[in-house]
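Colleague: So you can see what is in the structure, the chains are spelled out below.
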Amino acid sequence: MLDALTLVTGVAALLLAAWCGWAAYRDQPTKDWHFIGMAVVSLLALVQLVIGIVALARGEKADQGTAIFVAYLLGAFACVPAAGVMSLAERTRWGSVTAAAGGVVLAVLEVRLYDIWGG
Amino acid sequence: MATVEQREQKEQRPKRLISGPGMLLVWLYGVMVVGAVSRSVYQIATDFDRAPLAYSLSAVAGVVYGFITYSLVRGGETARKAALVCCAAELVGVLTVGTWTLVEPSAFPDATVWSDYGMGYIFIPVLLPLSALYWLRTSRDVSGVTR
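Read top to bottom, the protein sequences are chains A and B.
For the first sequence, the numbering used here gives the first residue as 1, with consecutive numbering after it.
For the second sequence, the numbering used here gives the first residue as 120, with consecutive numbering after it.
A few of these clues could be false.
Said to hold, decoys possible - Going by beta-carbon spacing under 7 Å, a handful of chain B positions derived as facing chain A:
(1) GLY139
(2) PRO140
(3) MET142
(4) LEU143
(5) TRP146
(6) VAL160
(7) SER250
Stated by the list, open to error - Estimated spans, in silico, between C-beta atoms of each pair:
(8) A:ARG91 <-> B:ASP166: 45 to 51 Å
(9) A:GLY59 <-> B:PRO171: 44 to 50 Å
(10) A:LEU7 <-> B:ILE241: 18 to 24 Å
(11) B:VAL160 <-> A:LEU46: 37 to 43 Å
Rather than coming from a laboratory, the hints here were simulated on the basis of the structure.
Computed from a prediction, not measured in an experiment: that's the story for all the values here.
Note that CB positions come from ideal geometry on N, CA and C, so glycine has one too.
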């Protein structure tokens, strides 16, 4: 369950990155639709956070330790919203680049999460 | 007299360092702060004795990243200069530690943020100071001009 969600969130993060990267390429700031996209990805990360904590509460163990696992879950959840706020403050193509970078960072975090949980 | 007025104007509104590409830099530095600080706090708290040098260096990296992020957000000429110095120090740190980990891996039982020039972080640690130095230098030329 968690693995599938990690995969979905990672792919969604990459799609978001590509989408915002496209906006940056066309010299556009992030628009409403981009923020809806960010909200969807953030929601996925939130669901992942909840399911991860539930899994821990039910006695399952992360391969590389509970503390690291929870820290990465929190980081993954905070990642895209933080980048989104920054792209709101920078209404140029560079805001789009920042949002795209947020998507890439989240994708990397998902790969790490996969390893930490232990596939 | 005009220079005094200009300076006063400048002091009233510190130059923004986070417009345009600066915003991307703040984001990446912010990510590195979280990465380096949380990593070193965890490692120093759990088993510092395993690789004291590596973990201390990660902590130093985190502090440097934190200071640069703060300087960028704060803006102004002083902050710009301070950030320039720190980015140069950061670059030296990445290159030194990167080379050090390759030449004498035995000194590093565990990785630091700057091991192998930041390969574990898709080379962001070595690319970031370069782009930040470039950005901080160009932002001097447009001083006073709001963009």
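Colleague: Now tell me if each hint is right for this structure.
Modeller: Against the structure, the hints:
no.: 1; hint: GLY139; verdict: 5 Å, holds
no.: 2; hint: PRO140; verdict: 5 Å, holds
no.: 3; hint: MET142; verdict: 4 Å, holds
no.: 4; hint: LEU143; verdict: 5 Å, holds
no.: 5; hint: TRP146; verdict: 5 Å, holds
no.: 6; hint: VAL160; verdict: 10 Å, violated
no.: 7; hint: SER250; verdict: 12 Å, violated
no.: 8; hint: A:ARG91 <-> B:ASP166: 45 to 51 Å; verdict: 46 Å, holds
no.: 9; hint: A:GLY59 <-> B:PRO171: 44 to 50 Å; verdict: 34 Å, violated
no.: 10; hint: A:LEU7 <-> B:ILE241: 18 to 24 Å; verdict: 20 Å, holds
no.: 11; hint: B:VAL160 <-> A:LEU46: 37 to 43 Å; verdict: 24 Å, violated
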